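All chains should be built: construct the whole structure from the sequences, respecting the hints.
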Amino acid sequence: MARVVLIGNLAQLTGGVAEFDLSATSVKQLFRQLTDLHPALGPHLEEGVAVAIDGQIYQDALFEPIGADSEVFVLPQISGGCP
Amino acid sequence: MATQTYVGTRTIRPDGLDKVTGRARFGADFNLPGQLIGRVLRSPHPHARIVSIDTSRAEALPGVKALITRDDFADQSSEFIPAGEMMMNYKDVVRNVMAREKVLYEGHAVAAVAATSVAIARRALKLIDVTYEVLPHVIDVVEAMRPDAPLLHDDLFTVGVEPKPDKPSNVAKRFEIALGDIGAGFKKADVIVERDFKTAPVHQGYIEPHAALASVSEDGSTELWCTTQGHYIVRAHCARLLGLDIGRIRVTATEIGGGFGGKTVVYLEPLAIALSRKAKRPVKMVMSREEVFKASGPTSGATVHVKMGATKDGKFVAGYAELKYQAGAFQGSPMQPGVMCAYAPYDIENVKVIGYDVVSNRPKVAAYRAPGAPISEYAVESVVDEIAKKLGIDPIDIRMQNAAHEGTKAAYGPTFGPIGLEDTLNAVKKTEHWNTPLRKWQGRGVASGFWFNIGGETSASLTVNEDGSVSLMAGTPDIGGLRASLAMVAADELGIPYDKVLPIIGDTGSLGFNFLTGGSRSAFSGSMAIVEAAKEIKADVCARARKLWELEPGQVEFSGGHVRALGAAADTHTPMSIADFAKIAGKTGGPIGGYGRINAQGAGPSFGTHLVDLEVDPETGRVTILRYTVAQDAGKALHPAYVEGQFQGGAVQGIGWALNEEYIYGDDGKLQNPGFLDYRMPVASDVPKIDAIVVEVPNPKHPYGVRGVGETPIIPPLGAIANAMENATGIRFTELPMSPPKVLKALKERGLNKV
Chain A
1 MARVVLIGNL
11 AQLTGGVAEF
21 DLSATSVKQL
31 FRQLTDLHPA
41 LGPHLEEGVA
51 VAIDGQIYQD
61 ALFEPIGADS
71 EVFVLPQISG
81 GCP
Chain B
84 MATQTYVGTR
94 TIRPDGLDKV
104 TGRARFGADF
114 NLPGQLIGRV
124 LRSPHPHARI
134 VSIDTSRAEA
144 LPGVKALITR
154 DDFADQSSEF
164 IPAGEMMMNY
174 KDVVRNVMAR
184 EKVLYEGHAV
194 AAVAATSVAI
204 ARRALKLIDV
214 TYEVLPHVID
224 VVEAMRPDAP
234 LLHDDLFTVG
244 VEPKPDKPSN
254 VAKRFEIALG
264 DIGAGFKKAD
274 VIVERDFKTA
284 PVHQGYIEPH
294 AALASVSEDG
304 STELWCTTQG
314 HYIVRAHCAR
324 LLGLDIGRIR
334 VTATEIGGGF
344 GGKTVVYLEP
354 LAIALSRKAK
364 RPVKMVMSRE
374 EVFKASGPTS
384 GATVHVKMGA
394 TKDGKFVAGY
404 AELKYQAGAF
414 QGSPMQPGVM
424 CAYAPYDIEN
434 VKVIGYDVVS
444 NRPKVAAYRA
454 PGAPISEYAV
464 ESVVDEIAKK
474 LGIDPIDIRM
484 QNAAHEGTKA
494 AYGPTFGPIG
504 LEDTLNAVKK
514 TEHWNTPLRK
524 WQGRGVASGF
534 WFNIGGETSA
544 SLTVNEDGSV
554 SLMAGTPDIG
564 GLRASLAMVA
574 ADELGIPYDK
584 VLPIIGDTGS
594 LGFNFLTGGS
604 RSAFSGSMAI
614 VEAAKEIKAD
624 VCARARKLWE
634 LEPGQVEFSG
644 GHVRALGAAA
654 DTHTPMSIAD
664 FAKIAGKTGG
674 PIGGYGRINA
684 QGAGPSFGTH
694 LVDLEVDPET
704 GRVTILRYTV
714 AQDAGKALHP
724 AYVEGQFQGG
734 AVQGIGWALN
744 EEYIYGDDGK
754 LQNPGFLDYR
764 MPVASDVPKI
774 DAIVVEVPNP
784 KHPYGVRGVG
794 ETPIIPPLGA
804 IANAMENATG
814 IRFTELPMSP
824 PKVLKALKER
834 GLNKV
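Protein chains in written order, with our numbering: chain A, 1 to 83; chain B, 84 to 838.
There could be a bad hint or two in this list.
As the list claims (entries may be wrong) - DSS-like cross-link-like pairs, simulated, lysine-lysine; straight-line CA separation at most 30 Å:
#: 1; chain 1: B; residue 1: 618; chain 2: A; residue 2: 28
#: 2; chain 1: A; residue 1: 28; chain 2: B; residue 2: 270
#: 3; chain 1: B; residue 1: 174; chain 2: A; residue 2: 28
#: 4; chain 1: A; residue 1: 28; chain 2: B; residue 2: 784
Quick caveat, the hints were computed from the structure, so don't treat them as lab data.
Bear in mind that the values here come from a model prediction, so they are computed numbers and not experimental data.
Take a look at the structure:
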C-alpha cells in the first residue's frame, strides 16, 4: 500500500484526514480512490494538483506509476514565471 | 547519451546578430497594410462603480473605426485554470482585460478604440463619457484584511478557513503547510528569533512594453502577433474570452524584450482581436510605459512574520512563518509557492507556514521570477543570519549544518533526491571574495534560495533538409537562450555541426500545444522533446539503412553521427551520415524528420547561494554594491554563458528589489511613480560584474542532467543584501526596499549618519 499525504488545504475537504494507505498503482487510480473516499476532493484533483511520488514531482501525469511502498504527496500545482 | 561536442560549450547565439544590429523584430515592430491604431481608456480612480459608458460622441468622430467596452465581452463562469504562474479564474480575467461592474485600480481598462491615427484614437478616448460612482479604496495588504476595509468583491469568501465565512472579505484564501510539531520544536530551542518584514510590490521591469497586432478576416480566421512568454496560452485565453474556436486563431510570438513572468497573461491581445473583428481591419496596440506600470504585472508586496528556533550548537529545530501577499484587484497572488518555499532550503523537523492571499486596489499581480519565493525566503534568510550571529556561528557554516540534501524531507511534502545546495555553499566559501577583508561602512552578506522548477507539455520538431542541414522548431518563446541550447542538443544527438541546425520558434499552427516559457522549464523540457525528435530520425535512418544494405534488425546502429553496420557487415558498408540520407531521402521513403511531443516530468529542484559586498554612504544612505558572487546548481549547463546570464540577470533584479524598486501610492490610491525615472531599477553602471559559479549536480531525470536555472537567482539577493546591510551598519533592516531615505533615517535614529 502506498502512503498518501495531502498537503495544504486539501485535508479540509476530508474532515481533517490527511494521510491514507491506498492500493493505487497510478496517479489516475490515486485520484479515483481519493475521490471515492472523499467526493469533495474530486473537483480539486481535476482542477490541477501536483503529485510527488518518492520525492519526484509530477504534474498532469495520470499514467505515472505508483509503487506498492511509494511515499506520495498531493500538493498544489507548481509553476513559475521566468525568465 | 550522444557524444557531447557542443552541449556545455559557449556557441554563438543564433539570434545574436539580429539583436545587436537592430534587425530582430519585437512586438511593436510588426505592421500590416491598412492597420488601425488601438488605444485604451483607463480608469482614473482606484475603486469606483461604473454607472454608465456613453460612446456615442467617440464613435461619431471621423477616423474611428471600432470601439469596445464591457458589452463586447460575454461574462465568464467561475473556473480556475493553471495560468503559467498561479491559478486564474476566467470570471476575473474577463473583468481584468475590460472592467465590468466596477473599476478596481487606477489604470483598469474601461474601453478601447481603433482609429486611423494615434491622434484620432487619443481624441476619441476623450470623447467617451464614463460616469463613475467613486468608492473608498484600500492599497495596503494589512489594511485590506481589516473587517471594516473597503470591499472589492462582494462574492469573495475566504477559502481555507473553517467554518466557512458567512461574510465576504478581501482575503481570498488561507493556506497552510505543516511538518512535525511546531510547538515541540520551539521547546527544544535554545535561541528563538522572531521578526516582522515588509516588502514592496515590484514590477518585472521588462524593457519592451506589451504590444499586439491582430488581423481578423471576414470568416473569423484570426492572426495575432504579440510579445508573450506563451503564444499557445494567449491563443487559449483569447479564444475563451472572445468565443472563438482555438483552431481559427494563429498566434506568432515575436522576439521578446524581457518577460520575467509578466508576459504570461493577456492584456492587449483580446482587445486588439475584438477591435479588429469589429473594424474588419488589422489593429495594432502598444502600451506606454505608464500603462505597463499601472495596468500590468507587478508582483506582490507582502508582510511576513518569521519565528525560528535553534539549539545552541546551531541546529534549526523549528520554523514558523505567516505570509500576507497582495494579489492586486483579483485573487491569485503567489502566496502558495511562497509558503512552500519559505523553509525548503533547510532540513528542519518542525515547520508551520500559513499564507493569506489578499485583494486590494492595485493592478492584478502577475508572475515574477520564482513567484512568491523571494519574499518568504528573504524573511527566513534574514532570521537565519540573526540566529548565526546570536550563536557566534559563521553564516555559511550554519547554513551548511542545516542544509537540505538528498533524503531531506521538505516541509512542502516530497523527499529531495540529489540536490546541490551544499555544493553551492562550499563553492562560495572557497572563493577569494569570501576571504577578502572589508573596510568601515562595508558589509558582506550571504543567503541561499530554492525553487521547484517544472516541466510540462512541450512539442518540438526536427526536419532534415535536402542538404543535410536541420530545421529545428520549438514552440516556447526564446527568452534566455532556448534556440542556442536546443540547437546544441540537436547537433550532438544527430552528430552534425551546430551551424547546420537552424532553430526557429514556430507559431501556434506549426506545432502541437506548448505550455509557456516559465517555471524555468523551456530549456529543460525543450531539450527532452528534441531528444525524442532526434530518436525518431535516428530510428528512421537506421530502418532505411537496413533496407539499403539488406540487413536484419539489430545489424545496424546509430552512433557518432552515422548509421553503421555491425559485425561482419561493417566491413562492406560505409557508415552513412544524416547528410548522406538527406541526399537520397526521396528514393528511400521521403522527407526525414522527427517530432517530440511530451509532458516533461522530473524537473530537478534548484538551489543557489549568493554572496554580496556593499558599502553604505552614511551621509546620504546610498548603498553601492561592490562585489557579487552567485553559485547555483544547474544540473548540467547546456550553454554556460546563457546559464551565467540567468544568474547575473536574476541577481541584478534582486538587487533592485532589495535596494530601490517600489510602487509608491498617494493617499488618493494613485500610483505616483509610473516611469523609469521615478521607479528606480538598477542599470549597468549601478552594479559590478556578477561572478557566476556554475555547480553541476546532474538531474537524474533528464537525459543530459539539466535543471532549470532561470528563477532561483532572484531569490537570494534580498536576504543576502539585508544581511550585508546588517554587517555594514549593525542595523537589521526589515523593510524593502532599503532605499536611501530609509537607510539614512535608520542611521540618523542611531546617530550613525556621520562619516
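Results for each hint:
Taking the CA atoms of residue 618 of chain B and residue 28 of chain A, the gap is about 28 Å. The hint holds against a cut of 30 Å. This hinted pair does not check out: residue 28 of chain A and residue 270 of chain B have alpha carbons roughly 42 Å apart, beyond 30 Å. Annotation: proposed proximity of residue 174 of chain B to residue 28 of chain A holds, straight-line Cα distance about 29 Å (limit 30 Å). Of the supplied pair hints, the one linking residue 28 of chain A and residue 784 of chain B holds, its CA atoms being roughly 21 Å apart against a limit of 30 Å.
Violated hint: 2 only; the structure is consistent with all others.
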